[in-house]
Every structure is written in structure tokens, then in C-alpha cells.
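Here's the letter readout for the chains.
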Amino acid sequence: MSKKSKNKHLIRLAVQIFFLALIILISVNHFRSEQGLAPLLIGNPSLHAVCPFGGVVTIYSYFTEGTFIPKIHQSSITLMWLVIGLTLLFGPVFCGWICPFGTVQEFVGKIGRKIFKKEYNNFIPSVIDKPLRYLRYVILLLVVVNTAISGKLLFSNFDPYFALFNIWSSEVTRLSLLVLGLTLIGSLFVERPWCKYLCPFGALLGIFNLFRIVKLKRNEKTCINCKKCDQACPMNIDISTSKTITDHQCISCLLCTDEMACPVSNTLSFSLLESKSPTENSKNDSGVKVRESISGGGK
Amino acid sequence: MKIKSIHILLAIIIVIGGGILLASELDLYNTTRVKTPRKTAEGIADVIDMRGSHSLEEIEKYYKLPASSVIEAFGLRPDTDPNFFQLKDMKEIFTPVELEEGEYIVETDTVKVFTSLYLKIPYVSDETFYLPEKTVNYLIENDKLTGEEKEYWQGHAFKLEYLDSKYLTASEFSKIVVEEAGGFKVTGRTTIQELLDYGVTEEKFEEVTGFKIPDKKLVSFRDFVIDKGLEFGEVKDKFIE
Numbered sequence: 001m002s003k004k005s006k007n008k009h010l011i012r013l014a015v016q017i018f019f020l021a022l023i024i025l026i027s028v029n030h031f032r033s034e035q036g037l038a039p040l041l042i043g044n045p046s047l048h049a050v051c052p053f054g055g056v057v058t059i060y061s062y063f064t065e066g067t068f069i070p071k072i073h074q075s076s077i078t079l080m081w082l083v084i085g086l087t088l089l090f091g092p093v094f095c096g097w098i099c100p101f102g103t104v105q106e107f108v109g110k111i112g113r114k115i116f117k118k119e120y121n122n123f124i125p126s127v128i129d130k131p132l133r134y135l136r137y138v139i140l141l142l143v144v145v146n147t148a149i150s151g152k153l154l155f156s157n158f159d160p161y162f163a164l165f166n167i168w169s170s171e172v173t174r175l176s177l178l179v180l181g182l183t184l185i186g187s188l189f190v191e192r193p194w195c196k197y198l199c200p201f202g203a204l205l206g207i208f209n210l211f212r213i214v215k216l217k218r219n220e221k222t223c224i225n226c227k228k229c230d231q232a233c234p235m236n237i238d239i240s241t242s243k244t245i246t247d248h249q250c251i252s253c254l255l256c257t258d259e260m261a262c263p264v265s266n267t268l269s270f271s272l273l274e275s276k277s278p279t280e281n282s283k284n285d286s287g288v289k290v291r292e293s294i295s296g297g298g299k
Numbered sequence: 001m002k003i004k005s006i007h008i009l010l011a012i013i014i015v016i017g018g019g020i021l022l023a024s025e026l027d028l029y030n031t032t033r034v035k036t037p038r039k040t041a042e043g044i045a046d047v048i049d050m051r052g053s054h055s056l057e058e059i060e061k062y063y064k065l066p067a068s069s070v071i072e073a074f075g076l077r078p079d080t081d082p083n084f085f086q087l088k089d090m091k092e093i094f095t096p097v098e099l100e101e102g103e104y105i106v107e108t109d110t111v112k113v114f115t116s117l118y119l120k121i122p123y124v125s126d127e128t129f130y131l132p133e134k135t136v137n138y139l140i141e142n143d144k145l146t147g148e149e150k151e152y153w154q155g156h157a158f159k160l161e162y163l164d165s166k167y168l169t170a171s172e173f174s175k176i177v178v179e180e181a182g183g184f185k186v187t188g189r190t191t192i193q194e195l196l197d198y199g200v201t202e203e204k205f206e207e208v209t210g211f212k213i214p215d216k217k218l219v220s221f222r223d224f225v226i227d228k229g230l231e232f233g234e235v236k237d238k239f240i241e
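Taken in order, these protein sequences are the chains called A and B. Per this note's numbering, residue 1 is the first one in the first sequence, and the count goes up by one each step. Per this note's numbering, residue 1 is the first one in the second sequence, and the count goes up by one each step.
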């Protein structure tokens, strides 16, 4: 990895660590408040209050009765709209950059990558993997409908995110601890297993990939078909065969783009307008990068 | 225009960070529950806004429902601190009941029904509710049910049982005999302050309960223990040891 590319990785990593640290601090503060101690640096909202998915699960009672289900607050609804706004622009940036549980899975996955090397994230046969990717929509439907019927926050009973960051609490169920354990173990073999197969919020945000304003595009004319984008994608999307990536699993992490993995400039990028033509590319500095890549001097 | 990592970073700061700041200014970013229930068209607090984290004192304040009524109607200990006891604590006290529709737990929703009947204010829900016999009898004794309601609730009542057999009912409370240890008695009425006065150190308290001594030391030790999800009987025994 070149120094420049590494710096780009650091931007995302810094954002991920910031939000992970923020959630840990909120969790610690909540614990301290229960012990009668003053919160550190920031207040002590509950984890539910800072989770945008809380806005989704309470959506029915919010629109029909103007109320929130127990444990959910106004902040969840506000965060939900902000995240949806961001997703409408860039796709599920929340999943790839902000979600602390995604970050934890990614960090655990780095261990798995070290152990299994190229085999990592390629254990599940495509025939099983592909249909499983739609399971999260079933979960989304079940969670929203059952919450609307019961008026209770049922999802927290098996939510591994809540279990991880609230592990000291008696509110955490055995089932959620089991799901958490399986997810973390699974992360050693598969990148982001919760995100891929089970996360209902990721399912909702993934739909926005079909019509996000800033699109991830591959320039077929300049693509050298090296498949580095496919290898870099944590969600195993076949990027190298698409012109515009609208896969519902994309998490807008930018790992595949020509800013990170793709060795050819202006070939795979998030853009508002069409990619430049090959003629235009040759006029820019991109040619140097292509030659480096072909001769093994690239990423 | 090509979008890079730095643009995403800026977008996160502007959309999420800026959005939260703006929402806070507009009072649309409350991370804590709004304690005050909304008023109905009739100008009374809406029962639907009753929450598990409401204390009995808050219920009295907002709904004008005396805490003593809830304590008596649900067979809570008469020394229950209305300021400290939250509605969700009921789950820690009463045994879930097996009814035809499945397991039924005495909790916030049960108090909502009681409040609705006691104050004669509407509470609409799709669920089928049941009330403890003790609560139904309390409502009848206080002339809060019409003939039709009386018949209905007598058919939707169950026997209330305590999770902890040592939990004392109101009538039995005056006869409490508690275990003695080192010259002092740890009773259901013993406050945390009394424990400290008897010589229990902060370290010992933390060792036994796993929690620091709270600021409010006048609450009963028993309520504190239950609130933390511990078994009073077990914790009390550890003090004796």
C-alpha cells in the first residue's frame, strides 16, 4: 500500500475510532450514573438514545400516535433522519464509517485475515451466501412489524450491538450475548457477518444504494480488469463486472475506489457526474499510476 | 466531481454533527425521556405516556394518583419509598403468571390499567389485560368500578405471588422478625444510612453488593438491592457472614 493510499485509509479509520470511542464513553457514563458517579466529558444518554435504528423501530407508533415506544427518545428519530439524509447522498456511509459494531467486526476480521490470509472472507459458497444476504430484510420486517404490534423494544433482546456496549447491564439478554459471541467468532472467518446477513438497519440503508445521488462508478474503458476492487470489498461485491455499483450490500467504505485499491486513476470512484474519457485520462497524471500498477509498482 | 474520503469526512461532520447541533437548538434532540406526560384533550395526563422509569412519586405528581394507593393495591411493602420505587421494579417483585394467552407479567402496563380504572380516564390498548385479585378488590372496595367493570375484572384476575417469598405483604409487615448479625438487624426497613451508622464500611458495602453507596442514603437497603437486580435475601446473608 502506498503512503498516499495509507493516509486515505487513516481518514476512515480515524472516523471509525472516533465513533467507537464515543459509544464506549457513553456506555461508561451510563454505568457511572447507575453507580451514582458523575459522567465524564459528555452526558449519560442511554445507548438506545444514540442509535438511529431506534427511530426505525418506533416509526409506527411515532406516525400513528405521535409517541415513542419505551426506551426510545426523540434523538433516535432525529438521528434516523440525519443518517437517511447522508445515505441518500452517499449510500450507507453509516455502516462503513460510523457504526461502532461494524468497526468492531472489522477489527476482529483483521485477526481472521492474518490467520486465513486469502481464504479469509471466502469460506461461504456463493449458492448459500447469496440468498442469505436477503435474510436481513426478513429481520427488518419482523422487527418493525412486531414492534408496531407489541409497542415494545423487542429488538434489544437479540441485539449484539446493545449487548456489546452494555455488557455490564442486567438488561442484556442471554440470547443477545449468544448472537454477539457468534458474530464475533464469525468475524474471524467472514468480514462483517452481522452486517451482511442479519443487520436490519443495514438492510434499510442498503436500499438507498439503488438511487443514491453520488454513485460509485467504474469506467469500463480504463479498467484493466485486475480485480483488486473485488478483493478489497469487505462485502464481496462483484465490482469489476459492473458499470455502476448499486448492490444493496455496498457500505460506501471507498476501499475499492481508485483512491484506495483501484490502481488506475479516474476508473473507480464516487462521482456526481460521468467519469472522464480515456483521452482525458491520458492527459492527466493517471498514466503514471497505470504503468506502476502493470509493472508491479502499484498498490 | 469526484468524491474522496475527505469529502465523506466533511459530509459526516456537516450532516451528522451539524444536524445534531441544529436539532438541539430546535429542541428535537432529547436523549432522555420527557418526564412530563402529554395532556389529553380533557387536560389530564395521558396514561399511555406512563413509563417504567416513572417513580411512584412522579406518578402521584403527574397523574394525581396517590402513591399509597398503588402500594396498597399491588401489595407492595408499606415502607416502599415512592421517590425511589419505579414502576418497572414490579417485574422484580412479582412472579410471572401463566394465563391462557401466555405468560403475564405485572409491570408498567398493569399500572396503566389500574390508573385508568382508578381515575376513570381512558386507556386504549389492543392487549387483553389482567389484574391481580388484590388490585381488583382494592378498586371494588374504593368504589372505582361500575357493575359491568366489576364483573369483567373479576373474570380477569389472578392471584398475586411474590418472586421472593420473603417479600412482605402490608398486613404481615408489622410482624417482621429479621435476622440478627453482630448486634444489628438487617430488615426490609433498614436504610443505607442505618447500615453505615451500624459500622458497615463503604468497602464492605461495595464488596457485598458490587455497587458503590448511592448519594441517597435514606432509601431502604432492600429497595436499593432490588433496583440493582440482586436478591435481597442473598445479599443480606452476605452481610451476616
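Just so you know, not all the hints are guaranteed correct.
Claimed, not checked - Incomplete in silico selection of chain A near chain B, CB under 7 Å: (1) P45; (2) L82; (3) I84; (4) L86; (5) V93; (6) S170; (7) L254.
To be verified - As a list, the in silico DMTMM-like pairs of lysine to aspartate or glutamate whose alpha-carbon atoms are at most 25 Å apart: (8) B:K228 x B:E107; (9) B:K2 x A:D247; (10) B:K4 x A:E220; (11) A:K152 x B:E107; (12) A:K152 x B:E103; (13) B:K212 x B:D197.
These aren't lab readings, by the way, just hints derived from the structure by calculation. Just so it is clear, CB atoms sit at the ideal spot from N, CA and C, and this is done for glycine as well.
Next on the checklist: Flag every earlier hint the structure violates by its number, smallest first.
Outcome noted: Going through the list in order, the structure violates hint 3 alone and respects the others.
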